[in-house]
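The listed protein sequences derive, respectively, from chains A and B. Here the first sequence is numbered in our numbering, starting from 7 and rising by one per residue. Here the second sequence is numbered in our numbering, starting from 34 and rising by one per residue.
Think of the hints as simulated: they come from the structure by calculation, not from any bench. You may find that some hints are simply not true.
[What the hints assert, rightly or not] In silico SDA-like pairs for lysine to any residue, Cα to Cα no more than 25 Å straight-line:
| # | chain 1 | residue 1 | chain 2 | residue 2 |
| --- | --- | --- | --- | --- |
| 1 | A | K25 | B | I260 |
| 2 | A | K199 | B | G284 |
| 3 | A | K199 | B | A282 |
Bear in mind that the values here come from a model prediction, so they are computed numbers and not experimental data.
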Amino acid sequence: MELIKLVGILIVIVGFALKLDSILIIFLAAVTTAFVGGLGVDGLLEALGTNFVANRSMAIFIMILVITGTLERNGLKEAAAELMKKVKSATAGKLVAAYGVLRGIFGAFNVGFGGVAGFVRPVLLPMAEGAVKNEGHEPNEDHMEDIKGMSSAKENVSWFFCQVLFVGGSGGILVQTTLASLGYDVELIDLAKVEIPIAIIAIVVASVVFILRDKKLCNKYYGAGSGTKKTTESKK
Amino acid sequence: MDAIRIININPDINANILLPIVWLIVGFITIYAGIKNLMDKENPSRIGTAVFWCSFGIACAFGTWLPAKVSGALVIIMCIPAIFRRVKVGKVNAPTKEYTKTSFGKIGMKIFIPAFGVAICSILFSLFTNINTMVGITIGVLAGVIILMVYNKDNKPMVFLNDSERFLSMMGPLCMLPQLLGCLGGIFTQAGVGEVVASLVEKIVPKGNVNLGIVVFAIGMVLFTMIMGNAFAAITVMTVGIGGPFILAYGANPVVIGMIALTCGYCGTLLTPMAANFNIVPVAILDMKDRMGVIKNQIIIAGIMLVVQICYMIAFK
Chain A
7 MELIKLVGIL
17 IVIVGFALKL
27 DSILIIFLAA
37 VTTAFVGGLG
47 VDGLLEALGT
57 NFVANRSMAI
67 FIMILVITGT
77 LERNGLKEAA
87 AELMKKVKSA
97 TAGKLVAAYG
107 VLRGIFGAFN
117 VGFGGVAGFV
127 RPVLLPMAEG
137 AVKNEGHEPN
147 EDHMEDIKGM
157 SSAKENVSWF
167 FCQVLFVGGS
177 GGILVQTTLA
187 SLGYDVELID
197 LAKVEIPIAI
207 IAIVVASVVF
217 ILRDKKLCNK
227 YYGAGSGTKK
237 TTESKK
Chain B
34 MDAIRIININ
44 PDINANILLP
54 IVWLIVGFIT
64 IYAGIKNLMD
74 KENPSRIGTA
84 VFWCSFGIAC
94 AFGTWLPAKV
104 SGALVIIMCI
114 PAIFRRVKVG
124 KVNAPTKEYT
134 KTSFGKIGMK
144 IFIPAFGVAI
154 CSILFSLFTN
164 INTMVGITIG
174 VLAGVIILMV
184 YNKDNKPMVF
194 LNDSERFLSM
204 MGPLCMLPQL
214 LGCLGGIFTQ
224 AGVGEVVASL
234 VEKIVPKGNV
244 NLGIVVFAIG
254 MVLFTMIMGN
264 AFAAITVMTV
274 GIGGPFILAY
284 GANPVVIGMI
294 ALTCGYCGTL
304 LTPMAANFNI
314 VPVAILDMKD
324 RMGVIKNQII
334 IAGIMLVVQI
344 CYMIAFK
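Kindly generate the complete structure, drawing on both the sequences and the hints.
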């Protein structure tokens, strides 16, 4: 009955799918796996302790928090907003793309400046609305709904694929320790390097998709040819 | 790669002196957060909160020297208040909008220097020295602290400590998730879970076909992440069960396979309402009408990125 060893995986899948408390799920999975794997109480404590100490790199984010809060206190968000405002005379779609690039570069350096609640809503959306008005249109409600969706999507894509470029981010560390438990020793900087092309592709793909989508939406809501230049259209 | 490492220290100094100092600092910051909350009359659960942060802090600071069983017991003690939801936020000393505006007026764009300094330090140390990345990050943070103190006289040491407590409390016990998942992965490996998963997958995927293994690994990461809403939970299980026995065992590059699999998992995160923080909470924050409005905008991108990454893994394996 080797299959019984999989009960931990089952607990993880069912637990997360049922939205139980995440720490409870991991705790139960660890305890049951230790017991069905024949580790016993002593073995469980030993394994938990050894693995916890071996995974301490994951706690390096606490070291970084020492300046995160004080950076915010000293105007980091305002500085990022100022930078964003330098992007002038763009369509809403291009603004979303520009935000994604900015977010991606900052994400690669592990610098956050507010996310959806702290930046997209108070800074990016008013700018996008302004861009639509600059074209001489009253912002359409459905168009704005799509702009909101695209902004959040861009936020996620940029953050997911660029945070892995930070040497010392938890994603890379988790991969490093998982590989180490299988007997493969890898360096964090090498893990970050292989993600560089992927991150660039992700930013480019998302930017192109959203600029084209916004162009299509502008045509749909504000009439053909609005907000687009014929030259750029023929290029694609 | 080693050729450009200008500074080379004795590896023992890394392991026995520098890294323990890093974990002592991290541990003390966390213990401070625990004690601050214990004294905080506004915290609705002072003891639970203190037990959580302090037991983590002790295990982190002294784990180097404590017997593994003691650290293990501390981890269990740490989990108890978290499971019973007794870890709460106390008094929040967030800066006012006026304050951050005035500070920005004084400091301006120079604020980016300490902000980017941490990552730059970590890259420079990784590239040009054999000093551990964690030490590089710590030095970047200390440099940032000094720069911020020069920029603004208000930035006293206690301001940094209290601000880090504010962010720790805001993140709450869930910030321990990656580390606990890492632990779980280790326990899975020790208990032999990987072998069992591999023996099951073997019935469907023939061993020895590395390219097919990569496709299964990548798509498995997406599906697992979609079900669990968390790529970190998926990566440990999938790497031990599929990545290791079906791909890495045949000599594929662990750096490429191990890392890109994680970002394949992120494609799953883009597709699932289970990842509520990223896909559902923004719908509420932005007053959107369509609950799936964010996910719908991510489907094409996730699909393209999955294909790109599978090709990348096959090409550079």
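Compare the structure with the hints numbered earlier in the document and write down the numbers of the violated ones, lowest to highest.
none
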